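Q: Assemble the whole structure, with the sequences as input and the hints as a guide.
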Amino acid sequence: MATLPLPTADIIAQFGPSLNFPNPEGIPGRDEPDAVVKTHCCFCGMQCGIKLLVKDDRVVGFEPWEEFPFNEGRLCPKGVQRYLQNDHPDRLLTPLIRVGGKGFEQIGWDAAMERVVSEISRIQSAHGPDAFAMLSGVSLTNEKSYLVGKFARVALKTRNLDYNGRLCMVSAGAGNKKAFGLDRASNNYSDLAHAEVILVCGSNVSETFPTLTHWIWQARDNGGKLIVVDPRLTPIARTADLHLPVRPGRDSALYGAILHQLIKHDWLDHEFIANDTTDFEKAKEAVKDYDLGWAERTTGVPKEKIELAARWWGPAKTSFLLHARGIEHHSKGVENVLACINLVLATGRIGKPYCGYATITGQGNGQGGREHGHKCDQLPGNRDIENPEHRKYISQVWGIEEKDMPGKGLTAYEIMEAAHRGEIKGLLSICFNPLVSLPNNNMIREALEKLEFYVCIDFFLNETARHADIILPGSLHEEEEGTVTTAEGRVTRIRKCVNPPGQARSDTAILLELADRLGAKKSFSYESTEEIFNELRVASKGGTADYFGITYKKIEDNMGIFWPCPSEDHPGTPRLWEDRKFRTPDGKAHFHGIAYRDPGEITDDEYPVILTTGRVVSQYLSGTQTRRIGKLVNQYPEPLLEIHPLMAAKFGIRDRELVTVSTRRGFAEFPAQLVETIREDTVFVPYHWPGKKSANQLTSGHLDPVSKIPEFKVCACKLTPTGRMAPEPAESKAWASV
Amino acid sequence: MTTSTFRTDQEFFLDPQRCIGCHACEMACAECETNGQLPMIHVDYVDRFLSPQTSVQICMHCEDPVCARVCPAVAIEKDEFGIVHSANTARCIACSNCVNACPFGVPRKIEPMDLMMKCNMCYDRTSVGKKPMCATVCPSGALFYGTREEMARNRPQSSPVKTFKFGKETVKTKVNIMMPKGATELVVHE
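In order, the protein sequence lines correspond to chains A and B.
If you count by the working numbering, then the first sequence holds residues 626 to 1363, one letter each, in order.
If you count by the working numbering, then the second sequence holds residues 936 to 1125, one letter each, in order.
Think of the hints as simulated: they come from the structure by calculation, not from any bench.
Because the structure is a prediction, the values reported are computed rather than measured.
Honestly, I wouldn't trust all of these hints.
[Claimed, not checked] Below are the BS3-like pairs computed for lysine-lysine, each with C-alpha atoms no more than 25 angstroms apart in a straight line:
id : chain 1 : residue 1 : chain 2 : residue 2
1  : A       : Lys907    : A       : Lys889
2  : A       : Lys680    : B       : Lys1065
3  : A       : Lys850    : B       : Lys1065
4  : A       : Lys680    : A       : Lys1121
5  : B       : Lys1116   : B       : Lys1100
6  : A       : Lys1179   : A       : Lys1121
7  : A       : Lys1179   : A       : Lys1317
8  : B       : Lys1116   : A       : Lys663
9  : A       : Lys907    : A       : Lys850
A: See the structure below:
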């Protein structure tokens, strides 16, 4: 029974989140550090270079790393404050065991490991190997991602392994594989500099990838035009030449209408379409009725703006299309991505200087993590777990029989649904906080409570970990060597700056010992992370994500190498498709016919308002890390309900009044923030908070049929003013909300 | 100051239209241990109801700094490089004359210390040839430290301006503000 052993408030008192502020008197040792280590930020997919200052085996500060080519020293507030985690009072320093009524008590490593292994054996003997699932995350390095994938299949022998990238980049990955046969940003960001038009589709760039802002501005300094599609006037949309405030859930209609205009005005690259693509006719047929009038009615964007966007995009000589979770977090996520790709292919502007297309991968290692490890349908090198050839190759690398390689398992949300149905009985999680980050989290909580056994590896006791039976204290980004692959496809080196504190161990050491105790030692004997990487290189060889030619030394010497890099004398591939040889079976880029359909839930008389969710600049994902850093919390202390004054007037809602937001799945109270920077039919709540402040109590479990990404970006809600004004944010203590 | 390697070819350029309100500059500034974790740069919403636009303000390092002129204790000094330094702690009497006089609203009286503190363009960094911290980390280019030539090359659609008109008073500064191409002064009010 993975219920809470104590009331939440008591657990928070012991394990946080509590707020870490730098000492105003100064941090000892910062003036004379023992080491200044060139590594990267632990947060988003930009993976900005940063130097960490180390004194007495503790991280004591940072310095900008101005030589690193992507960010040249630039950082966001999360990056500036990232150093405050290693020596944080909330760090888990020993293994813990849940004792009902008493909370979590310290336990030795040996006893903890023994308990974990005996519970895995008990559950798997009684209910089969797949009754024990594993959830992972892509803040982990490539080495750890690879190790998790191998661990789950070879040591844990379960098919049910999935990861938090399921909430992030899977729609983009699936769309890219369909269109190009390969899942990576087609260009690195230096191709933004001279793009005549940049089309940003559903990405709050300046809050979620702040350092990318510089690259977009470079294009604008050179005369480029910026178009931003977003239901809100975000900081990047504020400065755009054209802002298209799309109604949430109607994205594919907008991109279909733009394609209709490109065809109507013959802004097409006929030669490229004829020689290098397939299925243009299907794409054309699907949008034949999407005229401007229909598009305006469907998307809520004035037709003049849609027409202007097409007029800028169509005849341009160079361009770059960027998209992110705004179009991907939908039950039509893959279709939205394909509708965007159609615009790139129709104009033939890809595989050339300043002609780019990229999804902006969200998580730190969202790119590398989804290529080599923990995705339920995938094997290293971005191979397919159901492809007999791929299974055979990886089985041979791993030294197992192909018949022993588990097949495709359930995706993240489906794993929790299966736990809710009682089919999955045991869970091992690392680097994932589903109680905050998955939608419909009242269901997630019930599912956790039904588990017979749950073991969590983490460095802080995140909200989900409070339901664990055993907690194993793991390591931070700066506590282990490794590599990550940035949103650009650049493989970079992560350096170990310090040892994990107390009795905490590296995540790798924990997984290796568990594998040993599960009887798989011979497949899990590594002397170093470099040895794991070298095995990953071999495992990826010949796959679409080919890392074979990348070595630690080569990464260090070049400050990163772009995959694919098939041999040691290969320089890597910053820009894809220069040779026009796409990685689809027929070697062509594929158009897709994308007919518009409605989102999973649309507004009605009972739930008349569109709810969309997103992020703020000072928080990262489920807040496991950033809700413990004082200044980041103070910058935006509590989730606010952004609402247009006209909608507020309709419901009689005042600024700072507490409003109950209800959906078919739950309800929550948020202070209203009246702003004219959001559509009149839509409200917005950021999702980084737990408990009663969690926006994911409200979001829906509609999944994309292909990528299985949940529809975080649109559902139907109703608003009820409470008549009470919100207390000061400091009183609500939202960072630790019960 | 004889050991200073302050680079006189480097200038500070503020480009407020680019500010994305992320507060990286404030947090990075506060890390400087001389300020006791207080930022000397300030980012504020202009009017959040209407727009997410923010404005960012550092000390403009006036040629004839009014803060120094009004200081009864002669605590504020401009050095040979044009940096207007924060109040000399031994001399400052916390009278707030400078706080009230500065046309850019830069100096602030820090209550617990009873002391005026303000941006000194990261003198600890700039005096040894480094960039100020805020301009190093700024992710959008709203804060930039480099040469006029770099700025002219990188931002051909803007012009740096360092003359401000406050009614009949003209204030000339060391720090530049980026204006539309061809502008030569910023008229705050007629």
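Q: Would the hint linking B:Lys1116 and B:Lys1100 be met if the CA-CA limit is 25 angstroms?
A: Holds, at about 18 angstroms.
Q: Between the alpha carbons of A:Lys1179 and A:Lys1317, is the straight-line distance 25 angstroms or under?
A: violated (48 angstroms)
Q: For the pair we were handed, A:Lys850 and B:Lys1065, check the Cα-Cα distance against 25 angstroms.
A: At roughly 33 angstroms apart (the allowed maximum being 25 angstroms), B:Lys1065 and A:Lys850 break the hint.
Q: Between the alpha carbons of A:Lys680 and B:Lys1065, is the straight-line distance 25 angstroms or under?
A: holds (23 angstroms)
Q: Does the alpha-carbon distance linking A:Lys680 and A:Lys1121 stay inside the 25 angstroms limit?
A: holds (13 angstroms)
Q: Would you mind confirming whether the straight-line C-alpha gap from A:Lys1179 to A:Lys1121 stays at or under 25 angstroms?
A: Holds, at roughly 18 angstroms.
Q: A:Lys907 and A:Lys850: Cα distance at most 25 angstroms?
A: violated (30 angstroms)
Q: Please verify whether A:Lys907 and A:Lys889 have alpha carbons no more than 25 angstroms apart.
A: Judged against 25 angstroms, a Cα distance of about 16 angstroms means the pair holds.
Q: Run the distance test for B:Lys1116 versus A:Lys663: straight-line Cα separation, threshold 25 angstroms.
A: violated (39 angstroms)
Going through the hint list in order, the structure does not satisfy hints 3, 7, 8, 9.
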